[in-house]
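Which chain is which? The protein sequence lines are G and P, in order. According to full-length UniProt numbering, the first sequence is numbered sequentially starting from 1. According to full-length UniProt numbering, the second sequence is numbered sequentially starting from 1.
A portion of the hints provided could be inaccurate.
[Unchecked claim] Pairwise CB distance ranges, derived in the manner of DEER restraints:
hint	chain 1	residue 1	chain 2	residue 2	range
1	P	Leu48	G	Val438	25 to 33 Å
2	P	Leu42	G	Glu394	18 to 26 Å
3	P	Leu42	G	Lys117	48 to 56 Å
4	P	Glu125	G	Gly160	14 to 22 Å
[What the hints assert, rightly or not] Short, incomplete list of chain G residues facing chain P, as computed with Cβ under 10 Å:
hint	residue
5	Leu49
6	Gln78
7	Thr82
8	Pro157
9	His158
10	Leu319
11	Lys471
12	Glu481
Bear in mind the hints are in silico, worked out from the structure with no lab data behind them. Idealized CB from N, CA, C, for every residue including glycine.
Given next are the chains, with one letter for each unit.
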Amino acid sequence: MSVAKQKLCHLLLDEVFGSRVAKVGRHLAKWEKCFLADLYQLDQPHECLGVLINHGLVTYGRDPRPTPGVQYEISLDQVIQTIRYPRYLYLIKALHGDNAELILEEVLRRGQETLPKIMEKSLNRIELDENLAKTHKQDLEKTFQTLVKEHFLQRAPHVGTNPEVPGSTVPILDETTRFHVPESIESCSSIYWCLNVDRFHVEFRNKILVSTVTRRIDETAGKLMEFILSLSGKKLEASSRHISITEIYANINKCIDLKLRQYKDHYLKVLEEDRTRFIDRVGDEGGGTYVVNFKHIFTVLGSAVVENVVQEKFNSKALRIFRVVRDKLYVEESQIQKLVMIPARETKLMTYQLLENNFIQVQELRKSLSANVVAKSFYLFHVDLNQVARMVQEMCYMSLSNAIIRKNHELQINARLLEKQDRIDSITSNINASEEFVSEEERTQQLEEVQDMLSPAEHDLVKQIRRCGDKLHSSLAQVDETLLVLELFLKL
Amino acid sequence: MSRGRGRGTGLSFNAELLGVGRGQEAIPASLLTPPPLYPARLAPPCPLVEGPESDYLLAVRKEFLHQMKSSGFQLGGHPRSQNTQPPGAPTSALKVERYSDRYQTPEDIPLQLDWSRFPAELRPENRRRRIKRRPMPTLTQAKKPNLVSRGDVTQTLDELEKKEKSGDKSEDETDKKEGSDGEDEDKPKLPGAIEDSEGELEDEEMDDGTDYANNYFDNGEEYGDEDDDNLDEGGIY
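Next up, chain G with everything else stripped away, as it sits in the complex (with noise of 0.2 Å):
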């Protein structure tokens, strides 16, 4: 657990949750486990705890020997996750509409909740809502259904014993009925549901896998590989289970995609053979047996993005010496030299700049082992990709949380102004909905009046901090985007 990403956390927890939780947070963080007695120090320690257990970034166990009491951990990776909640609401539109966003929305903000008062939350906001198109509560619940079927909500586990340790105190999730909603909605009532995460972070990977595609190949190409993805199971694994090739005609030829149909042979070895491996080929029993070696693919992308951010801090020369290392494995500065055609001094600047920076690692070889020899020994260099990976997501934690400090920190510097701008909305949303004016004369009178009360120069600062605050907003979410294609390299 890196300092810096204890910091991002302590930062969202205050955002998402308020200082008294952030701050249990950190201490959780701190200390990897807790017991409660260790935490009386802080403001209202239980409820805390409740709060971001409920929400599912804390876990809890209780063995009885050697330990006397429930210690609880905090999950940072959870906790950074909360960045991707509007990732998730997004992806569930796309996939199963309005409705489906309604009831996540109300899934993500409860932390977890039963079935009853999901549906009564729900139907509530569209009440209100004038934008909600209207639906009924029976297409709510199917909804629902269709949700916890395809996994993408679970049933939220619950405090009990462990039958094997006896006197123990854990989390309780019963795999039997984890994705199992019960037929009558009156035994729902004490049945919470929470988030699935690794079933969304499942479509992002296939999402990032068909998008790869079709940047590469082309849109058909992308098609066939969601086909091939959609039989690769809903499970986060390093590799997929074995397709077979009729497995996959069949699922191409229920689409309409004639091109596809087609030419669905030669898609499948330009997958095949592409140097990304997209698919490998793993028997020729039934005409032929795939798997989607996504380990493998991921260290791709992962590379990739690595490559990226040594172009963008350095330059296209420094680029090109960070592959010439990682495709040589190790090799020696000279030979570097030889190999990328740019003058030798830039080269030697720019090898050591990325040394520096640790983007790329060196290994001595000493000839003798007596250390008073000089010149007797290799340094090669060489590119350790877990570490590099590693490197850029502690940067990537890092620039989050200055994104999150910064946009406290114009808020906090300009909280006055702000509060005086929110007043004057909300003053004019009064008169806008009174009736009292007789003409809209009048009405108009008493907006222009309102809006008098800041000068147009602090007009054009608050609408600065806003666009400021919502460029800082975006760069979190995409900040998140390379965090979630290193998490998905590292984690495979």
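Assemble chain P onto chain G, guided by the hints.
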């Protein structure tokens, strides 16, 4: 210059022999300052991706944060609402009722959680209250029975002491007897009755003339509990 002693020249070897030349490729001067906090960028940053997707993500994120703020899950003040006043502003300004206050949503929504789903120690009914310890026997308590039989002066002193005791006692019984406290106060206090109850107390504790059998062991669990409500961060070592 005497050879071999290393006098005069700072180095005992020739730097040029090691392949470190003069001019451009010389060893750079050692850095004595930390690297800059905000290093200059070589190239301008890439622009953000814009489009319907990022607009949607932005809108949803802002909406989500806004909803969380008024959901009851947000505990403790948010930095913005906390620091709306610049440091120099008078604090009394906060107390003036504003016109816009009427249009603000109340922010203190109670936290609603199904506590039965969480570990027992977190549930509100199980939260540990400050435990009042029983008063320790004092020297005056132990000697009292002898004092009663003395003359007038001691008797009046005794009366006073009893009054003091009864005052102390009602303070001590806070948790359990809160309901019955009111009744006690309504009744006229009979000196005899109080004496009786005190006698019982002494009997229990002082049966053998010592208090060795009593358990005054403090396992330290309550230590530091006194002010867990309003301790800011810091002081955790």
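Okay, the hints, checked on the actual structure:
1. P:Leu48 <-> G:Val438: 25 to 33 Å: 48 Å, violated
2. P:Leu42 <-> G:Glu394: 18 to 26 Å: 20 Å, holds
3. P:Leu42 <-> G:Lys117: 48 to 56 Å: 53 Å, holds
4. P:Glu125 <-> G:Gly160: 14 to 22 Å: 19 Å, holds
5. Leu49: At 6 Å from the nearest chain P Cβ, Leu49 of chain G passes the 10 Å test, so the hint holds.
6. Gln78: Because about 15 Å separates Gln78 of chain G from the closest Cβ in chain P, which is outside the 10 Å limit, the hint is violated.
7. Thr82: The hint holds - Thr82 of chain G has a Cβ within 10 Å of chain P, the shortest such distance being about 9 Å.
8. Pro157: Holds - the Cβ of Pro157 of chain G comes within 10 Å of chain P, reaching about 8 Å at its closest.
9. His158: Since chain P brings a Cβ to about 4 Å from His158 of chain G, closer than 10 Å, the hint holds.
10. Leu319: Because about 12 Å separates Leu319 of chain G from the closest Cβ in chain P, which is outside the 10 Å limit, the hint is violated.
11. Lys471: 7 Å, holds
12. Glu481: With a closest approach of 9 Å, the Glu481 of chain G hint holds.
Violation of the numbered hints given earlier is confined to hints 1, 6, 10; the remaining hints are satisfied by the structure.
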